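Fit chain R to the supplied structure of chain G, relying on the hints for placement.
Number of protein chains: 2
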Amino acid sequence: MDAQLKAFFDQVNKDQEIYIERLREVVAIPSVSSDVALRPQVFRMGEWLQKELKRLNIEYELRDPGTHVMDGVTLQLPPVILGAYGRDPAKKTILVYGHYDVQPALKEDGWATEPFELVENAKGELLGRGSTDDKGPILGWLNGIEAHQKLGLEFPVNLCICFEGMEENGSEGLDDIIVAEAKGWFKDVDAVCISDNYWLGETKPCLTYGLRGISYYKVAVKGPGRDLHSGVFGGTVHEPMTDLTHILSKLVSPHGQILIPGIMDDVAPLTDAEKASYPSLDFCLDTLHCAIDAKNTLHDNHIDALMGRWRYPSLSLHGIEGAFSAPGAKTVIPAKVIGKFSIRSVPNMVPEKIDACVNKYINDEFAKLCSKNQMEIECLHAGKPWVASFEHPNYVAAASAVERVFGVKPDMTREGGSIPVTLTFQDALNKNVLLLPMGRSSDGAHSINEKLDRSNYIEGTKLLGAYLWELSTHTF
Amino acid sequence: MDAQLKAFFDQVNKDQEIYIERLREVVAIPSVSSDVALRPQVFRMGEWLQKELKRLNIEYELRDPGTHVMDGVTLQLPPVILGAYGRDPAKKTILVYGHYDVQPALKEDGWATEPFELVENAKGELLGRGSTDDKGPILGWLNGIEAHQKLGLEFPVNLCICFEGMEENGSEGLDDIIVAEAKGWFKDVDAVCISDNYWLGETKPCLTYGLRGISYYKVAVKGPGRDLHSGVFGGTVHEPMTDLTHILSKLVSPHGQILIPGIMDDVAPLTDAEKASYPSLDFCLDTLHCAIDAKNTLHDNHIDALMGRWRYPSLSLHGIEGAFSAPGAKTVIPAKVIGKFSIRSVPNMVPEKIDACVNKYINDEFAKLCSKNQMEIECLHAGKPWVASFEHPNYVAAASAVERVFGVKPDMTREGGSIPVTLTFQDALNKNVLLLPMGRSSDGAHSINEKLDRSNYIEGTKLLGAYLWELSTHTF
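Read top to bottom, the protein sequences are chains G and R. For the first sequence, the UniProt record's numbering gives the first residue as 1, with consecutive numbering after it. For the second sequence, the UniProt record's numbering gives the first residue as 1, with consecutive numbering after it.
This is chain G alone, in the form it adopts within the complex (with noise of 0.2 Å):
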């Protein structure tokens, strides 16, 4: 293997021009999947796509999500385009998943560059929309076939391909049609990789092996038939945001600690494995404030605030809906007013009970005011969390393909956002799920000046290759 290894790095060095010209095409590509004037640029990024699979000789298939309304226009959504490199028997299946939509991107937000042109800046940057999110590591997967190809080598393992066109706005569809392929495209699946994250800092990759869930509420009070003038009517009536706020000051507290009785019962111990693996990431305190942009962390060291961010639940405030929200005064009373908040969960909550907690609380809570006001709570979505195990062969292989391509043991980390479709494929296919990220933690995936490094995205590749080849050498 090690041969084939230093032939395949040679081979990705040599063509890393090819590949960025490769980037560069695709960037081009404006397939900004929440925009309806830019769908059509979705379609031609899953058109480009094809054309590349057949060129690789790689058999695939599309499959129709459907259609859905966006701002009022009735859509068609851009196709789930699954893959299969060889179906040898006596070899691993790993599916692959990648997304080619983006996210919107103007110049006037305050991008330096145009984001649809891929510019590469002294500092070896690669700068363009979906350069990093998520056209890169897409194309590190292919591009790992052209090498072997280009050798003559034999690829290690079976490659599974399942690529959409729509995580960015949702990925509509894509859940029903992994269930529905779970005994059909994807029926030899051994396990699954998903290059879509980044890394904890700037010089080490990372092997990501949890994510926290998401419930995310909202508490409406209602009071008077229309909006009051305060002058008028304050000192008659029960307002509605006094009793909103009341309630959601009874959530959580100053210092992040979750009020609501029975959320923390379900939270997993801290394990001494787990413990161990946090010294030696990298991380610290003093990235966390410049990632903020300020110092106000609950927290005094990096650990806790690592932990904070992955592995305990937390409660946020986002905002009220129906309550005067504009810049200078108003004397309104506003006469429904409608708190949102969510929690993010970790193993082993689940969103049922999570929502059992939060009903009961806040009645009681709402009870207690003893308001004339009607009070009700809504669930709008609930994801559940997911936690891997990082002993599973299937994160050896890829720490392993690290050390060989950067020399270093990757950090084990965990996200404190979702990613809904490593859940998903865990659950339809009931396979070992590993993120392992091209990118690094300053890429700015959702924001101006999105880039992808020259060396994450060569070295990457010779990751993604070297992680496959590893893989083919364990058994599970």
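Incorrect hints may appear among the rest.
As the list claims (entries may be wrong) - Listed below are the simulated DSS-like cross-link pairs for lysine-lysine, each with C-alpha atoms no more than 27 Å apart in a straight line:
| no. | chain 1 | residue 1 | chain 2 | residue 2 |
| --- | --- | --- | --- | --- |
| 1 | G | K330 | R | K6 |
| 2 | R | K107 | G | K250 |
| 3 | G | K250 | R | K368 |
| 4 | G | K330 | R | K51 |
| 5 | R | K336 | G | K250 |
| 6 | G | K330 | R | K107 |
| 7 | R | K295 | G | K372 |
| 8 | R | K368 | G | K295 |
| 9 | R | K360 | R | K218 |
| 10 | G | K250 | R | K222 |
| 11 | G | K250 | G | K360 |
| 12 | G | K353 | R | K330 |
| 13 | G | K330 | R | K360 |
| 14 | R | K330 | G | K295 |
| 15 | G | K360 | R | K187 |
| 16 | R | K384 | G | K330 |
| 17 | R | K368 | G | K368 |
| 18 | G | K330 | R | K330 |
| 19 | G | K360 | G | K372 |
| 20 | R | K295 | G | K360 |
Since the hints were made in silico from the structure, they are not lab data. Predicted model only: the values in this text are computed from it and were never measured.
Relative to the frame of chain G, chain R by itself:
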């Protein structure tokens, strides 16, 4: 006086169609002071009034309030029109105030008729923007002068006039002019009458002797340097929304009690005279339920409800700027949130003391949170409460006039809101001020389908004239 008044009333009855045509003429001028495009119409309305004053031989001068900036445009402010009808040192001089600008109105807002075309419906309601606020009352004064002239009847007082064109847009520049004219145009004024509010109910006229003040606050809590993703940063930072919600929840109880220590200390005790004025008021809880289109009132009887509206302070939470306020779900940790609340104040509360209590309390409560965020309190504007003695001859005369025209004793009312010019006249001239409304509670001054009942317009014209006759018989 009885004979003169009878002749006057008969003339008013005879000329009522002329008065309505005159109201039609002025309603057709869309003098919306808050609309850049309609500002010239405010001037046109001012010119209409000047022509009318000339026709009635009323001496007048204009005062120029200067310019202001609105929606980025520098605009000339419409003139304050100062009039003088009679300067007989043997008569009393009464200052009357009105405004010739109106609220915005569009048919599309839900008007049943064209807002700037006066329409009389089957119920005898004169529908049209400005009919009751405040063009009807302004014409009421002028119609009365015309009737006296037709009859060859000597006018009972010297009438001093102050008509402005910016009332619906902050009365910009007016205060300075009033202060400057206190020893000028207004130097002989004995009492002031403002006809720019409404009856408490539908059937009984009222005299209004009190207004609440207002102290409007914003409390800003600032944390991270930019909005954060709650997945990535929830559980790691002091969230400004959490702090702000805790502070806002400490200001007022769900039953309307202000929780800020010291605020209630200066509330004037209820006198027997005031207490005795409540039972006969044209008001019941149903009226309030109907006005708020709900039954979530704080009190179970109309007397406590009216005291809550106008003789006790109240605190309303208006909303939050900077947080997520749109429909749907957004997983944001807002970086800076600004809570808005205001306190309606009553005699003998003073803005400076309110300010001291609010600042001390909120600073103390914020300190208890031990948050690393920054908090700032700012008073956006403050106006004093106002109360006049309804035993003053100005009120006694008005009450007699009500009995003459309507055959009932008027309600003695206060308003929960503020009419800032009242205080300006009171403070600048140091004379008794009376609020003597023409329209009914249901007139919808700032709403769609604004109206003035024909009977209110015609009987109201008689009332304003009779009030001046009654005043002439009092010494003060």
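Hint check:
no., hint, verdict
1, G/K330 with R/K6, "violated, 47 Å"
2, R/K107 with G/K250, "violated, 45 Å"
3, G/K250 with R/K368, "holds, 16 Å"
4, G/K330 with R/K51, "violated, 37 Å"
5, R/K336 with G/K250, "holds, 21 Å"
6, G/K330 with R/K107, "holds, 24 Å"
7, R/K295 with G/K372, "holds, 8 Å"
8, R/K368 with G/K295, "holds, 19 Å"
9, R/K360 with R/K218, "holds, 15 Å"
10, G/K250 with R/K222, "holds, 21 Å"
11, G/K250 with G/K360, "holds, 13 Å"
12, G/K353 with R/K330, "holds, 23 Å"
13, G/K330 with R/K360, "holds, 24 Å"
14, R/K330 with G/K295, "holds, 24 Å"
15, G/K360 with R/K187, "violated, 68 Å"
16, R/K384 with G/K330, "holds, 18 Å"
17, R/K368 with G/K368, "holds, 24 Å"
18, G/K330 with R/K330, "holds, 25 Å"
19, G/K360 with G/K372, "holds, 19 Å"
20, R/K295 with G/K360, "holds, 26 Å"
Violated hints, listed in ascending order, are 1, 2, 4 and 15; each of the other numbered hints is respected by the structure.
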